[in-house]
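Novice: Numbering (the numbering used here), first residue to last: -8 to 95.
Since the hints were derived computationally from the structure, they do not count as laboratory data.
Think of the CB as a built atom: it goes at the ideal place given N, C-alpha and C, for glycine as much as any other residue.
Keep in mind that a hint or two might mislead.
[As the list claims (entries may be wrong)] Quick list of in silico lysine to aspartate or glutamate cross-link-like pairs, DMTMM-like style, CA-CA up to 20 Å:
hint, residue 1, residue 2
1, Lys67, Glu40
2, Lys82, Glu72
3, Lys82, Glu23
4, Lys75, Asp87
5, Lys75, Glu92
6, Lys50, Glu40
7, Lys50, Glu72
8, Lys75, Glu40
9, Lys67, Glu92
10, Lys75, Glu89
11, Lys82, Glu92
[What the hints assert, rightly or not] What follows is a set of in silico ranges between Cβ atoms, one per label pair, in the way DEER data are often shown:
hint, residue 1, residue 2, range
12, Val88, Val60, 13 to 23 Å
13, Arg61, Val88, 30 to 40 Å
14, Glu92, Val65, 38 to 48 Å
15, Cys85, Ser58, 34 to 44 Å
16, Ile37, Leu57, 17 to 27 Å
17, Cys85, Ala28, 28 to 38 Å
18, Val60, Lys82, 33 to 43 Å
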Amino acid sequence: EKFHVRSTGSYSFILNQPMGGRKSKGGQRVGEMEIWALQGYGAAHILQELLTVKADDIKQRQMMQLSIVRTGLVPKGNVSEGFKAIVSYMKALCLDVEMFEGKM
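I would like the entire structure built from these sequences, with the hints used as guidance.
Specialist: See below:
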C-alpha cells in the first residue's frame, strides 16, 4: 500500500489520505521500499509521523499544529485510518481482530 504525504490540500473521503496526482495537488508517495529504508535507519518517529499525522489522521494533525504553535511540543500520533480500514475489512471476513495498547 502506498501513502500520499504533503503539507496542505484536499483529502480522499474514503481513507482521509491526501489526493494523488499533480492536478489535485497530491502528495509525495511513500511506498513499501521507502518505509523499509526508514526502518533500516531506525527512523521510528519519522515513520510514525509519515504514516499517521501526515497521511490520514485528521484530528491528530490539527492537534499537532496547535500544539507546535502553542508549546513547541509534538504530541504522540494515533492509529491511522488506513489501519482502521484494514481491521474493518478483516472483521467483515469474520476474523476476530483486537488491538492492544502498550508493550506486548
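Novice: All the hints need checking, so say for each whether the structure fits it.
Specialist: Going down the list of hints, with the structure as the test:
With a C-alpha separation of about 9 Å, the suggested pairing of Lys67 with Glu40 holds against the 20 Å cut-off. Our distance criterion of 20 Å between C-alpha atoms is met by Lys82 and Glu72, whose separation comes to about 15 Å. Restraint check: the Cα-Cα separation between Lys82 and Glu23 comes to about 24 Å, which exceeds 20 Å; the hinted pair is violated. Note on Lys75 and Asp87: the hinted pairing holds, with a Cα-Cα distance of about 14 Å set against a maximum of 20 Å.
In summary, the hint linking Lys75 to Glu92 is supported, as the alpha carbons are separated by about 15 Å, within the 20 Å threshold. With a CA separation close to 13 Å, the supplied pair Lys50 and Glu40 stays within the 20 Å bound. Between Lys50 and Glu72 the alpha-carbon distance is near 11 Å, which keeps this suggested pair within the 20 Å criterion. For the suggested pair Lys75 and Glu40, the alpha carbons sit about 17 Å apart, so the restraint of at most 20 Å is met.
With a C-alpha separation of about 13 Å, the suggested pairing of Lys67 with Glu92 holds against the 20 Å cut-off. A C-alpha spacing of about 11 Å is found between Lys75 and Glu89, which places the hinted pair at or below 20 Å, so the restraint holds. The suggested pairing of Lys82 with Glu92 holds, with an alpha-carbon distance near 19 Å, which does not exceed 20 Å. Range check, Val88 to Val60: Cβ separation about 37 Å, and the 13 to 23 Å hint is violated.
At roughly 36 Å, the beta carbons of Arg61 and Val88 sit within the given window of 30 to 40 Å. A hinted range of 38 to 48 Å is violated for the C-beta pair Glu92 and Val65, which are about 20 Å apart. For Cys85 and Ser58, the Cβ-Cβ distance of about 40 Å falls inside the hinted range of 34 to 44 Å, so the restraint holds. About 21 Å separates the C-beta atoms of Ile37 and Leu57, a value consistent with the hinted range of 17 to 27 Å.
Range check, Cys85 to Ala28: about 36 Å between beta-carbon atoms, so the 28 to 38 Å window is met. Range check, Val60 to Lys82: about 38 Å between beta-carbon atoms, so the 33 to 43 Å window is met.
The structure shown violates the earlier hints numbered 3, 12 and 14.
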